[in-house]
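As you go down the protein sequences, you meet chains A and B in turn. Be aware that the first sequence starts at 6, since it is given in my numbering, and climbs by one per residue. Be aware that the second sequence starts at 3, since it is given in my numbering, and climbs by one per residue.
Since the hints were derived computationally from the structure, they do not count as laboratory data. Some hints could be false.
As the list claims (entries may be wrong) - One side of the interface only, derived from the structure: several residues of chain A facing chain B at Cβ under 7 Å:
1) P132
2) P133
3) V148
4) K171
5) Q174
6) A178
7) S203
8) F205
9) D208
Backbone N, C-alpha and C fix where the C-beta goes; we use that ideal spot for every residue, glycine too.
Residue strings, one per chain:
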Amino acid sequence: MKLSDKAEEILEALWIAVEEEGKGFAEIDQLGIPAGDPAYQELASRTLIEVKEGRVYFRPEGREEGRRTIRRHRLAERLLMDVLNVRGEAGDDKACQFEHLLNEGVDAKVCTMLNHPTTCPHGKHIPPGDCCEEARRSGDLGVVPLTELKSGEEGEIAYIQTEDSKKMQKLMAMGVLPGNRIVLSQTFPSYIFRVGFSEFAIDSAMAREIFVRK
Amino acid sequence: MGLFKKKSSCHSNAGVVTGAVKKVALVGNPNVGKSVLFNALTGAYVTVSNYPGTSVEVARGSAAINGTTCEIIDTPGMYSLLPITEEERVAREILLKESPDVVLHVLDARNLERMLVMTLQLIDAQLPVVLVVNIMDEAERMGLSIDLPLLQEKLGIPVIGAATAKKRGLDEIRKAIAVYSRRKHAVFAYSKRLEADIDSVSQLINGDYALSKKSVALLLLQRDEEVSALVAEREGEGFAAIAGKVREKTFERRESFHLDLSMERKGVVKGLLAGVFSLPDKRVVTFSERLSRWAVRPLTGIPLLLLVLYYGLYKFVGDFGAGTLVDFLEGTLFEQYFNPWVTGLVKGIIPWIPIQELFVGEYGVLTLGLRYAVGIILPIVATFFLFFSILEDSGYFPRLALLVDRVFKKIGLTGRAVIPIVLGFGCDTMATMVTRTLETVRERVLATLLLALAIPCSAQLGVILALLSKAPGALLVWGVCLILIFLLIGFLAARLMPGETPMFYMELPPMRLPQLSNVLTKTYTRMQWYFMEILPLFILASVLLWIGKLTHFFEMAVEWLSPVMGMMGLPKDVAVAFIFGFFRRDYGAAGLYDLQTKGILDGRQLTVAAVTLTLFIPCVAQFLVMKRERGLKVALAIGVFVSTLAFGSGYLLNQFLLVTKLV
Chain A
6 MKLSDKAEEI
16 LEALWIAVEE
26 EGKGFAEIDQ
36 LGIPAGDPAY
46 QELASRTLIE
56 VKEGRVYFRP
66 EGREEGRRTI
76 RRHRLAERLL
86 MDVLNVRGEA
96 GDDKACQFEH
106 LLNEGVDAKV
116 CTMLNHPTTC
126 PHGKHIPPGD
136 CCEEARRSGD
146 LGVVPLTELK
156 SGEEGEIAYI
166 QTEDSKKMQK
176 LMAMGVLPGN
186 RIVLSQTFPS
196 YIFRVGFSEF
206 AIDSAMAREI
216 FVRK
Chain B
3 MGLFKKKSSC
13 HSNAGVVTGA
23 VKKVALVGNP
33 NVGKSVLFNA
43 LTGAYVTVSN
53 YPGTSVEVAR
63 GSAAINGTTC
73 EIIDTPGMYS
83 LLPITEEERV
93 AREILLKESP
103 DVVLHVLDAR
113 NLERMLVMTL
123 QLIDAQLPVV
133 LVVNIMDEAE
143 RMGLSIDLPL
153 LQEKLGIPVI
163 GAATAKKRGL
173 DEIRKAIAVY
183 SRRKHAVFAY
193 SKRLEADIDS
203 VSQLINGDYA
213 LSKKSVALLL
223 LQRDEEVSAL
233 VAEREGEGFA
243 AIAGKVREKT
253 FERRESFHLD
263 LSMERKGVVK
273 GLLAGVFSLP
283 DKRVVTFSER
293 LSRWAVRPLT
303 GIPLLLLVLY
313 YGLYKFVGDF
323 GAGTLVDFLE
333 GTLFEQYFNP
343 WVTGLVKGII
353 PWIPIQELFV
363 GEYGVLTLGL
373 RYAVGIILPI
383 VATFFLFFSI
393 LEDSGYFPRL
403 ALLVDRVFKK
413 IGLTGRAVIP
423 IVLGFGCDTM
433 ATMVTRTLET
443 VRERVLATLL
453 LALAIPCSAQ
463 LGVILALLSK
473 APGALLVWGV
483 CLILIFLLIG
493 FLAARLMPGE
503 TPMFYMELPP
513 MRLPQLSNVL
523 TKTYTRMQWY
533 FMEILPLFIL
543 ASVLLWIGKL
553 THFFEMAVEW
563 LSPVMGMMGL
573 PKDVAVAFIF
583 GFFRRDYGAA
593 GLYDLQTKGI
603 LDGRQLTVAA
613 VTLTLFIPCV
623 AQFLVMKRER
633 GLKVALAIGV
643 FVSTLAFGSG
653 YLLNQFLLVT
663 KLV
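Given only the sequences and the hints, what does the whole structure look like? Please build it.
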């Protein structure tokens, strides 16, 4: 069963207090959610937290759940800022709503797409997930711009990131579409790559906009 | 429609009613062999003309297929039914406005997967499509196998395998055109959601269009402005509801409509090709691919470029065209035979000396105008256009473009601009027109300026090379000066002009051996255009010079210019070359050639004159094209700037040479 939004927020605040600020517990008044809220009951009944005398403590399962929740929150921040270009207060706000959607494996997909970031836009640490561990073990560079490939290397086109929709259409008409194999054959003076049996030349500015999964 | 009248009159079969002509349009990506197929189908009756209001060339020809006269239209290359470039817009316009009876979609067998996407669009549009899977020979050589009967069954339209360059499949194509009869064909279904969105728009459309309602709805959803304008016109009051629906749907799917559509089409193509297309286990590397590697690696590409320039431009155009051919045509044919003969003839018929002068005098229409045009300019331009067409057909230009892209970025252009710049060495006027293919206005203005300033056209180049080749030092100084000015002015102009340099992207078509017939046709049409444009100007120039001489205006102009000439250390007779240069750039260079043969100029003066004249104001024709393409203000500004810079550079160069005694 998915936790309620409020319960997730309590876990996050508690996790920050315990893991990042070194406290043993958090005062209910500091969590921003009033003591009578059913969210506390929800968390307690699932043996994630303990509430004693106005203080909230983690239970072992709760600590792990808190870690995953904060990870989702910070990934949401990255996603909003890096990909959707929503910044500032609006970004923080949206991230709070967005994070609740990133469960059941969606967080791993977002994390992979963002290429396993380690910090949020505010510079705080993002706790690594299983996908990050696995990527590190296999030496997988994940999704990188075409500029990061060496000549002779190949990969699969992950996505194209451009603000110019005409250019996007042109690229798509030329066969530069997510899912297609791309072989880079030269990087200087221009990038030359092959999709299927066609060859294309682009400059480095454009190569930065094509993202490839190795 | 004048076209049809002309067509039936040049055909022996007088019984053909103009209305019975079957229209066949060839469409497809660039570089899939459309033009080769066009030439193979049409034979001799071909007209190449700019599509109204554009600089895009469209070739039309007629062919008798099974006794029916067919008009064949070779449309410009297009990637998708949704146009981005001017070429694509013209190609679609032909499909929309001329409603062809058969649309031959030509594609490259090797890139079937990518190019079938457009076939889907044509099928969606209920156009009378026949698919020609071309370049089968190359595909077979690479080990690809394609089950064409199965593909035909799956697509529900006629599919023909061909290798038009090898004349394979031509009979089948002719037969398919002859027996084709228009009918509705099954279309492929997209996802439920997309189909529902399309339906919601297409239900509101009532008018009749050359494309199916589904296709029109799809284009509206892709926010195609031209189709939107067309629908607005046809639907009248009903358009408000359509526009509202389209707005609603495009807003709903604003995140990724284009991408979703492309992905869906890709999915359909994948399904179509299952069991049809199979790849070899190992990729075969052909010779043309190896050649292509050499052309694009700087280490081998630059020497290759120098080789191409040396043999193509210097040896073939310079030595052979401007040397051997000019010597023969101008020196032998005109000076020894034609001029004395025509002078005698005219003097025999016309007793009045001023009128004699008009035709056969020093600036006579026949002895000067025709001699320059046919004796000097024709051989140079012909060899240049031949050289250019060979390079163009071999697929070398896109490779050159990527090689120079980095350098061109410094002067505010992208590698794409290399084509107009190289063409400028043939004819700056034509090249100025071609700058339209560049993406941004800023790029077009920069290219126009550089063409007007530092790119000598072939005629001028040929004459100057011939002039200076006797003094290697002078040639070197001239070359270095031009390259420096080209880069310096480009660099400064790119800094001063606001705006950003667009990104560079280009398809690299496979390199191949140019086909002689294609090269000759291209060269011929370019020559034809050139002569239609220049011959009247040459004659006009001769007449004006004749009037100038009669009224002594000419001597006055030489006097006016003599201080400027003096400033540059040149004898005042050189002013003649500059006055000629107003009419034609090459005319000016030819004037200089005349002076040099008279032995008036020393090495330094020759170098200064050659540099100044190369930089000097573009010819009348180029100026007119500049005005048409860029507007009067920009054209005038460029004209004034270029003239000032030319004389300024001449002055500085003269001082520099006086001090250093280099030449």
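Numbered hints the structure breaks, given as an ascending list: 1, 2, 3
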